[in-house]
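Visitor: Listed below are the residues making up each chain.
Number of protein chains: 2
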Amino acid sequence: MPRLLPIALSLSVLIAATWLPMAAMADDAATKPLGMAELLAASKPDAWRTPDPEQTLYLDLPAGRVIIELAPDFAPAHVANIQTLAKAHYFDGLSVLRVQENYVAQWGDPNAEDTAKRKALGDAKPNLAGEFQRQRSAELPVAKLPDGDVYAEFAGVSKGFPVAGKGDQIWLAHCYGMVGAGRGDTADSGNGAELYVVIGHSPRHLDRNVTLVGRVLLGMEHLTTLQRGTGALGFIEPPAPMTRITSIRLAADTPKAERTAIEVLRTDTPLFKQLIEARRTRRESWFLEPTGRIELCNVPIPVRLKP
Amino acid sequence: MPRLLPIALSLSVLIAATWLPMAAMADDAATKPLGMAELLAASKPDAWRTPDPEQTLYLDLPAGRVIIELAPDFAPAHVANIQTLAKAHYFDGLSVLRVQENYVAQWGDPNAEDTAKRKALGDAKPNLAGEFQRQRSAELPVAKLPDGDVYAEFAGVSKGFPVAGKGDQIWLAHCYGMVGAGRGDTADSGNGAELYVVIGHSPRHLDRNVTLVGRVLLGMEHLTTLQRGTGALGFIEPPAPMTRITSIRLAADTPKAERTAIEVLRTDTPLFKQLIEARRTRRESWFLEPTGRIELCNVPIPVRLKP
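Residue numbers (the UniProt record's numbering), protein chains in the order written: chain A, 1 to 307; chain B, 1 to 307.
It should be emphasised that the hints constitute simulated quantities derived from the structure, not laboratory data.
Incorrect hints may appear among the rest.
Repeated chains share a single entry, so a pair holds when one copy, or any two copies, can fit it.
[To be verified] Below 35 Å or equal to it, Euclidean Cα-Cα: the simulated DSBU-like pairs (lysine-lysine) are:
1. 144 <-> 32
2. 166 <-> 273
3. 273 <-> 144
4. 125 <-> 87
5. 306 <-> 256
6. 159 <-> 256
7. 44 <-> 166
8. 166 <-> 144
9. 144 <-> 306
Since the model is a prediction, treat every value here as computed from it, not as a measurement.
Start from the sequences and build out the full structure, keeping to the hints where you can.
Guide: This is the structure in structure tokens:
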């Protein structure tokens, strides 16, 4: 009996099919609610979806590939700009500029603020209005969480993204693994040419302050293991080596043989509600206290390599 | 005007005095509440405390030193066992066994479960009752947070540690940077010979399931940048190299010249309450939405090198 902590599968963790305890299913299914591993092992193929290749970004670093799902329902203008930049190979050869412990990693053009030196943005727009929140709509059903949220009136998951909301407004939440577009002091000073990812405890006070554009589906470890910058705010300073971006491309623009075939669990299904409940009230034998509560950024949105 | 995200100083981040914007103080002090940087810059020496060297653990890794403050008020038996093990050099030469993305890093004896092969525990006890919660007491004042908590009746900070509670009970909370003692399936199967640290979004469902023993004050980056294990649950598997523990010692048992002189902001002061409010309602010019809410694991408990 190994002395372990239990399994955590949170927002950005790949599920390796190998450790799913298939054997537990038959015995327990009739007698008690299933845990997450059992629910996923028993899931039907249509419980999963293939992310749209036009909305999937491959951030290729020397250490490996980071896969980001874009969120056009929440940040259409920023997503369009990022797609334009990626198609123009804007990011290729740029670097990770900042890695701040328990906060964010950020990449892009180190001269973004210098109109003389900065890399040309081509057909992308230099400034975009902030896309901090939007109207709720029937096309964006929210799987609401039952235990409330410290930062908002409600919280839940919509179309594969963690969201929070108030009244008829809804916004993406700064959970671990979420990707945003840096901005300066004004709301319209971002454009998607400088992106960041949350690599620590979820800084929810950034919600509605900066535009989130997507979520890391796979490869978070290539960002979280980067050496922290020694400058103020975690900026990388000489003589520390810069991590160069090999390329940022849309999956749609990547030759088929070089794509990574993945699936994301759908979040508009009864199975996903069961999954939330399985993580909310832990029935795995290791747990002495089942908790009976769950907070937004601890809700798993599972991703797997295609079988 | 650099395109930045604002400063995040969360539980385990060192404050480098250099970036404190001292200049802002004189102008703004009379007219608006101070931000965190200003509050810390203006803090008196007695707002800080020096952690007790008997309750301070140095985890020395090849990459550098991780400093952990032990929490004898919350886990006296586990802390005593860890002190016994450290004094006997139990951990020296053992390894980091597990690094799981967005969850925990864990270290200790890979043969801990094998009574024949495992490293002898010496005077330390092989099994300890879980120390999952305790009675509130006047000696443990709690700086309570005003915005509630998803996982508990109340949350706050006590003697430098994030805590949650219900009625007259209080417990340490699994925030980023908190250190715990692994256990097996029963409450009394831990002993402090296998320790873990939270390296992702705070897994609060572990609260009251496993004994927390302290908090990383400095050096989190030496744990968070470790390569993730490729085995189930993030266990390190061959051929990946193991990260060896150079030593784990109490600061008190470390020659004075080899100690790291640090201070932690006291959390039982009016200044600390001001700090919480400064982080709860952001007045720095970058923020468009001041939020007006704060969640336990986003409360900073600042640490600095001694001036």
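Visitor: Decide, hint by hint, whether the structure agrees.
Guide: Structure-based check of each hint:
1. For a Cα distance limit of 35 Å, the shortest separation of residue 144 from residue 32 inside one copy, 24 Å, qualifies, whereas the shortest one across copies, 38 Å, does not.
2. With identical chains, the CA atoms of residue 166 and residue 273 are at most 35 Å apart both within one copy (21 Å) and between copies (28 Å).
3. Taking the closest pair of Cα atoms, residue 273 and residue 144 come within 35 Å of each other both inside a single copy (9 Å) and across two copies (33 Å).
4. In the homo-oligomer, the alpha carbons of residue 125 and residue 87 lie at most 35 Å apart inside one protomer (14 Å), although the nearest pairing across protomers, at 61 Å, exceeds that limit.
5. When the C-alpha separation of residue 306 and residue 256 is checked against a cutoff of 35 Å, the pair qualifies only within one copy, where the shortest distance is 14 Å, while the shortest distance between copies is 56 Å.
6. Taking identical chains as interchangeable, the C-alpha atoms of residue 159 and residue 256 lie at most 35 Å apart only when both belong to the same chain, with a minimum of 25 Å there against 56 Å between chains.
7. In this assembly of identical chains, residue 44 and residue 166 lie within 35 Å of each other by CA distance solely inside one copy; the values are 34 Å within and 41 Å between copies.
8. Proximity of residue 166 to residue 144 under the C-alpha cut-off of 35 Å is found in both arrangements, the shortest distances being 12 Å within a copy and 25 Å between copies.
9. For the homomeric pair residue 144 and residue 306, the shortest alpha-carbon distance inside one copy (28 Å) is at most 35 Å, but the shortest distance between copies (47 Å) is not.
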